[in-house]
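Chains as they are written, first to last, in this note's numbering: chain B, 1 to 529; chain R, 530 to 1170.
No lab work stands behind these hints, which were simulated from the structure alone.
Misleading hints may appear alongside valid ones.
Stated by the list, open to error - Some, not all, of what chain B presents toward chain R, calculated at C-beta under 8 Å:
1) 201
2) 301
3) 371
4) 375
5) 407
6) 410
7) 428
8) 433
9) 478
10) 480
For each residue, glycine too, the CB sits at the ideal point set by N, CA and C.
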Amino acid sequence: MTLLGIPILTLVIFSPLVGVLLLMFVGRDSGELAKWVALITSGATFLVSLPLFFAFDSATTQFQFVERIPWIVSWGVDYHLGLDGITLFLVLMTTLLTVVAVAGTWSQTTRHVREFMISLLLLEVGMNGVFVSLDVFLFFVFWEVMLFPMYFLIGVWGSERRLYAAIKFVVYTMSASALMMVAILAMYFYNYRATGVFTFSLLEWYQLDLLIEVQYWMFAAFALAFAVKIPMFPFHTWLPDAHVEAPTAGSVILAGVLLKMGAYGFIRFALPLFPGATTEFLPWLIGLSVVGIIYGALVCMVQPDMKKLVAYSSVSHMGFVMLGLFALNDQGVQGGILQMINHGISTGGLFLVVGMIYERRHTKSIAEFGGLMRGMPIYATLFLVIVLSSIGLPGLNGFVGEYLILVGAYQVNKTAAIIAASAVILAAVYLLWMFQRVFFGEVTNPKNEGTPDLNWREVSVLAPLIFLIVWVGVYPSPFLGKIETSASHFIQLVHTKPAERRAMLFPKMASSQETKPAVALRPGGVKTR
Amino acid sequence: MTTYIWLIPGLPLLGFLVNGLLGRSLGKTFVSVMGPGVIGASFLVSLFTFVEMLDAPGYSLTQHLYTWIQAGDFTIPATLVVDRLSGLYILIITGVGFLIHLYSVGYMGDEDEYAYWRFFCYLNLFVFFMLLLVLGSNFLLLFVGWEGVGLCSYLLIGYYFKKNSAASAAKKAFVVNRIGDFGFIVATLAIFTIFGTLEIAAVNDAASVKLAAGGGAVTAITLLIFLAATGKSAQIPLFVWLPDAMEGPTPVSALIHAATMVTAGLYVVARLSHLFVLAPMTMMVIAIIGAATAFFAATMALAQNDIKRVLAYSTVSQLGYMFMAMGVGAFMVGIFHVMTHAFFKALLFLCSGSVIHAMHHEQDMQKMGGLIRKMPITGWTYVVGALAISGAPLIFAGFFSKDEILWKAFSSPFGHPLFWIVGVITALMTAFYMFRSVSLTFFGKSRIDPQLEHHVHESPWTITLPLVLLAGLAIVGGWVGIPHLLGRSLIPNVLKNYFDGFFAKIPEGIHYGDGLEFGLMAVSTLGALAAMYGAYVLFSRHLPLAGALRDKMRPVYRMLSNKYWIDEIYNLLIVRSIHWISDKVLWRIVDVRIIDGIVNGLAASARNLGGALRLTQNGIVENYAVGIVVGAVFIFWWLLF
Chain B
1 MTLLGIPILT LVIFSPLVGV LLLMFVGRDS GELAKWVALI TSGATFLVSL
51 PLFFAFDSAT TQFQFVERIP WIVSWGVDYH LGLDGITLFL VLMTTLLTVV
101 AVAGTWSQTT RHVREFMISL LLLEVGMNGV FVSLDVFLFF VFWEVMLFPM
151 YFLIGVWGSE RRLYAAIKFV VYTMSASALM MVAILAMYFY NYRATGVFTF
201 SLLEWYQLDL LIEVQYWMFA AFALAFAVKI PMFPFHTWLP DAHVEAPTAG
251 SVILAGVLLK MGAYGFIRFA LPLFPGATTE FLPWLIGLSV VGIIYGALVC
301 MVQPDMKKLV AYSSVSHMGF VMLGLFALND QGVQGGILQM INHGISTGGL
351 FLVVGMIYER RHTKSIAEFG GLMRGMPIYA TLFLVIVLSS IGLPGLNGFV
401 GEYLILVGAY QVNKTAAIIA ASAVILAAVY LLWMFQRVFF GEVTNPKNEG
451 TPDLNWREVS VLAPLIFLIV WVGVYPSPFL GKIETSASHF IQLVHTKPAE
501 RRAMLFPKMA SSQETKPAVA LRPGGVKTR
Chain R
530 MTTYIWLIPG LPLLGFLVNG LLGRSLGKTF VSVMGPGVIG ASFLVSLFTF
580 VEMLDAPGYS LTQHLYTWIQ AGDFTIPATL VVDRLSGLYI LIITGVGFLI
630 HLYSVGYMGD EDEYAYWRFF CYLNLFVFFM LLLVLGSNFL LLFVGWEGVG
680 LCSYLLIGYY FKKNSAASAA KKAFVVNRIG DFGFIVATLA IFTIFGTLEI
730 AAVNDAASVK LAAGGGAVTA ITLLIFLAAT GKSAQIPLFV WLPDAMEGPT
780 PVSALIHAAT MVTAGLYVVA RLSHLFVLAP MTMMVIAIIG AATAFFAATM
830 ALAQNDIKRV LAYSTVSQLG YMFMAMGVGA FMVGIFHVMT HAFFKALLFL
880 CSGSVIHAMH HEQDMQKMGG LIRKMPITGW TYVVGALAIS GAPLIFAGFF
930 SKDEILWKAF SSPFGHPLFW IVGVITALMT AFYMFRSVSL TFFGKSRIDP
980 QLEHHVHESP WTITLPLVLL AGLAIVGGWV GIPHLLGRSL IPNVLKNYFD
1030 GFFAKIPEGI HYGDGLEFGL MAVSTLGALA AMYGAYVLFS RHLPLAGALR
1080 DKMRPVYRML SNKYWIDEIY NLLIVRSIHW ISDKVLWRIV DVRIIDGIVN
1130 GLAASARNLG GALRLTQNGI VENYAVGIVV GAVFIFWWLL F
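Please build the complete structure, drawing on both the sequences and the hints.
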């Protein structure tokens, strides 16, 4: 199941740890060396993850590159990893954006470079771990592991109000995930009650038929944890603060990858584990997504700070992602998954370019700029391409995802789709208005005179993102083709009763081992199988 | 299956890439060859394709490139189609486009500060997207072109980015167009849900099967598409961006904001004629909006002193004319006017550019006059353009297309005599304001700043050659559509035969006699001639009298020159109120006060609670362990029983 017998997922997850180990031996003062170690490690991790793309079999519904080793036997915890079309690109994006973040922060981080890079690399471990864990316990470990490097990135290397932002970020996410932890434990015991086996295996849990009342509570706990992460309205207020204070690399990872964990959580856990509650809550979730889309866009329009503007635009864009996923049809889900990637690329890119000007001028306030086009034509051009991708200009990546989402949503809920579509107007307003105020006009602020244009390093940091923006926009088939099977498998999973899922989840075993003997247990939460 | 159609948009794309990536280093001469060169080559391929298309079965050539988007049963191929409509359009786009590129070599020649290569890079990209718009076989590919031309329009209006007015105009154009795009997106969503495909040909074919004539669905879809058209083609209520778009360099105004992009809305309506005829209500709305736009824009053009603004309002007005034609079901006639308008309006803009170039960027006609002596080629070609747009009879292109529209507005079953009346009044105003502009600019006494005057001279050949060629087209361009009334059996109506059976059929109307048609034509033609002559006399020989008349009608004049304060009204009602709600209510109250208030409040109470609980944290680990066990037991008990 692994790639040529190599446990490739383990390699991808833990390669950054090699860099962390090396960095521990790097002297406190040799920041330059620390950067190189981090760049080479993250670059190597990206290269290690690339074969996943080529070896991926887009025909199968099953998890690929699976590794499964018992870990904590008495609790039924396995070290169980696997990849499907939903997570393939999330992992690749994580490994790519980490390289980009390291390279993009090259000259911006001057204090405690070594520790900064350690945090980034640890973060990468946590993020990839979250995406490929098929054991819920393991998932939760990675989920929590991820929080701390991020906390430090914001709290130590952030700007003025960094502590407030860092604590807000941690408290928001921690309190939501605490509820999820309780729910996970409950699921563990429910599963035991139904099957007599203690296991954290997600695939086993998928077959657990919970009473609808129980599903409500479980769903609520999971959904809250993920909704905060995405973030969905009205749980979004940590995001603008976190982004404004975070250093560029932190913002790139936060927007590019961390927000996707929430969406991923809905796909992998909340929706398929609790199909009954899903059906019940879906109209509300669609409603919240649409509110987020419009609300985020409107608030975006009036932000005086570039980073805050981009942060609120994330609220709007992630609303699109969720709308697509909640449509639960081919177009919606594929569009939603593709849009996660697109958002990672374009919003990651936006944070990078804002970081580049911040490095030069030490301000992110839109009013401070104006007329930059004259002196910084390369910067202006690349900035514009990323802005257009974020606006959803057809021919660039954002459009493909957004349009598929709208097609999916329209079939389920016309009103929601139509309201969401109006965001195309608002996105143009807030992004182009910002662009106009920053780049057009005469240079009115003398501090902007002689601001140097991008250097080769900065251009090469943005180059892969620009390349992807055009590629996905013009020829998305390599992406959609790999997402397709897993996406429809996911939809089918949600629409299938848990008791009937076995053949779907284990097609090979289904023939030999027809059905497990039904285990009748005391009533209380689970339907007996 | 034809294999070279991709070259038609491919060549301009190549020009864009090469000019964009290498233009700066390879220098001006290279760009001057590359920029117009790719468009010229594309024109030749278009011509070749056009001829082949005329022999092809069903008058249609197709080239499938690859599958663009595929998700479930949603498939969008990247396929190009040359049929009779797109075939005509590609000739106009690349033909007129080539002349304008050539012109730009001369016109933009001394542009160094804003980078010459950047201009050609954008202009090539524009042509690429415009070609994609008309060649795309499905709604989404069309939409790529649709948005792409909007982007290029944005970039080119904002070309003089240092001017704040240019930057604002660019953004305004994009945003206003996006309002229309919203309509387009929703319409396509509905179309996909109903038809299961976004291929335009398939939708046209199945329209009468899948949609009930006059039903809610088809009416909604067509109205939404028309909303998109009002954005791109600058109709009421979304016309406000086009006058401001004149901030762009003049060749841009000629190519994008007169000849090609602004007719995209008409293209879409004509392309979907089989859908539109199923929705009589939409047709009526289109005719009314078209007539109203034609009329109001013409009134505004009467009171402009900027030579380009006159032409801008005139464009809006003429586009209204074309929509009126579409609305009364005369799709072919509307497209006929698109074509003749492309010739004479491009000509007029380029002439005005030649003047502006010679006058060192002076655009106020009050500071011109008598220029015909200094710039005879520009002057006389401008007169040709003005005669064409005003409908000077029997020779000039505009006469045939315009009179055909007026006749259809009267005689079509969707028509009404009122449309004819509005159309004729508009035609008279058109003749009047055009000859006002002719006289103020080229005739009468010179009012030019004496210091500037001896610098003014005729433009170089790269500028005048396109003028002469376009002037030729502005004359002969109309001869392909000579109506039966005038041509009888001697001169065939080439265009009518060409489009035979292409557009949706509309029910036969009442048959009026030739006498009536002739009479109406005589009324509008004589009226236009009178208006031309009146304006010429008034503004070239009796300027003080014109001034006195204007002073008498001061309030009206102010209202017209401020375009009925539409911009101010929109700004107050829409822009400011949305901004206010977003800023003062959503952000500062909902986000900061309410949501964050709750969060911070929770945090504060947690801190207080923590302060109380601090007493329990006495460092005795056994106590903690007991607490954890009790808590866990409690949770599981609660969950399990």
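Going through the hints against the structure:
1. 201: The hint is violated - residue 201 of chain B has no Cβ within 8 Å of chain R, the shortest such distance being about 20 Å.
2. 301: 5 Å, holds
3. 371: 7 Å, holds
4. 375: Residue 375 of chain B check fails; min Cβ-Cβ to chain R is 12 Å, beyond 8 Å.
5. 407: At about 6 Å, which falls below the 8 Å cut-off, the nearest Cβ of chain R leaves the hint on residue 407 of chain B intact, so it holds.
6. 410: 4 Å, holds
7. 428: 4 Å, holds
8. 433: Because about 6 Å separates residue 433 of chain B from the closest Cβ in chain R, which is inside the 8 Å limit, the hint holds.
9. 478: 11 Å, violated
10. 480: 6 Å, holds
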